[in-house]
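Line by line, the protein sequences are chains A and B. 1 is the number of the first residue of the first sequence in my numbering; add one for each residue after it. 294 is the number of the first residue of the second sequence in my numbering; add one for each residue after it.
Partner residues aside, some chain B positions facing chain A, computed with beta carbon under 8 Å:
# : residue
1 : L295
2 : M517
3 : I540
Since the hints were derived computationally from the structure, they do not count as laboratory data. Please read all numbers here as calculations on a predicted model, not as lab measurements. Backbone N, C-alpha and C define an ideal beta-carbon position, used for all residues, glycine too.
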Amino acid sequence: MAKRRRIPAGYLFLLPWFVGFFGLTLGPALTSLYLSFTNYDLIQSPGWVGLANYVRILTADSKVAESIHVTLLYVVLSVPLKLGSALAIAMILNRGLRGLPLYRALFYLPSLLGASVAIATLWRQVFSGDGLLNRILLLFGIHGPSWVSDPDTAIYTLVALSVWQFGSPMIIFLAGLRQLPRDIYEAAALDGAPPAYQFWRITIPLLTPVIFFNLVVQTIEAFKAFTPAFIISGGTGGPINATLFYTLYLYQEAFGYLRMGYAAALAWLLVIAIAAVTALAFLSARRWVHYEA
Amino acid sequence: MLYPLLWMLASSFRQNSDIFTNISLWPDRVALGAYARGWNGLQVSFGVFFRNSLVISVLAVVGNVLTCSLTAFAVTRLRFPGRDICFALMLGTMMIPYQVTLIPQYILFLHLDWVNTILPLVVPKFLAADAFFIFLLAQFFRGIPRELDEAAVMDGCSAWRIYWNISLPLALPALGTAAIFTFIFTWDDFFGPLVYLSDIENFTVQLGLRGFLDSSGTSDWGAMFAMAVLTLLPVLAFFLFFQRTLIQGIATTGLK
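Here chain A stands alone, though its shape is the one from the complex:
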């Protein structure tokens, strides 16, 4: 039988993805790299400025420094607190209590809803000067500050919002806990190992691949967070830039002031930062993540 030469069907199946990959990902990524060396403002054609954008970002723009500070503070506080809560609740749920699916679902619900504007607006009310939290504190005779409009506390309301959504890492921890081999624990119990010892010497080491996965995913998510800060600060990043996430500053530069070239440079620095942190995590993983289980 004569074999006809024809285009493998696979290429036809991949056609939409090809168009998307070149038109929406690779092309734009390279374009934004080019724009980051220009002063493009959407109106005039881009003019080459060399490294000027990067130099200004790294040395002369105090708002960049502030936004990096805010973002790092958010990442460093929210990720460990979120993962800690997730692991703690997962451990409790894993004890085989009745109604596990119900509890799991209830703890997960905030994760599912948390990204919406509705929850961000709720947060803004709860932490306002005469909001829900202060009403409750008043019952105990405490006069709370206006959490969202005080520059010293505003960032913590966003951290709280993030920690409140610990449900999805919790589910991943639960799935991981269920795969831990029973016999190790039985052996440990026979040898008289106390629960704390079992936790630190058995559970945590065996769980390190899951911890690592959650850590990387949640850290990247935290770096990219945008909506809560935008809604709680009304788009300003205030009070006095206390919630000016890096992504929010990038948005303001691009779509508020139309400084597209500058914003493209900001975006590339964000990519480099995320890539560096991820690479660091993978390098450190060799020291503390155990895959032999």
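Fit chain B to the known structure of chain A by using the hints.
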């Protein structure tokens, strides 16, 4: 955990004067005034926002499920030169934060005259741009026995028919997971509509809610809570009916 949520629900049935003083979860009397005020609180009725959000979300689901499954099928069930490189590139795009492609994409859509239409929010979904879902479906397709494909080829089935008549029906659970998550993510998306939609007639529910915050300042919290509750309802409905699917999806893929 759920106290703030339930309190918001209770508050949406209260008078504005009560919202800031009443911390209980039980409304003494059910007043629907806030819902009426909220529904017509902006120049455009909230119904328009719901319609816009629904159109965008449904189109996103169709596009994502169709093109991501095509792509996932190709890289797992078909053989052709360069296949593995393509799959590696797909995984690579998952690492790229959207901020990097955002500005050139915006300029591109501006030149196509698509800004202030739903096209920038919908067309990428028809180009398999959500690599995450490709990955999710690819994992599933890998699990389907190869003998099925081989038998079908013996019987003279084309690649398309194997995809459409054999693989897709078998992958329905995974397609369902992808569909539900696409719907919820698109429904909740704030950034895309914020960048691309500027006329209030085109607003999604998320932008509508935010419009509330801007226009009424903080005066009519009741109306805003009422609308906030309504925007959460579709997601809640999916949660109630498909929580098993959702939770399995997260447990197996590590999805947000």
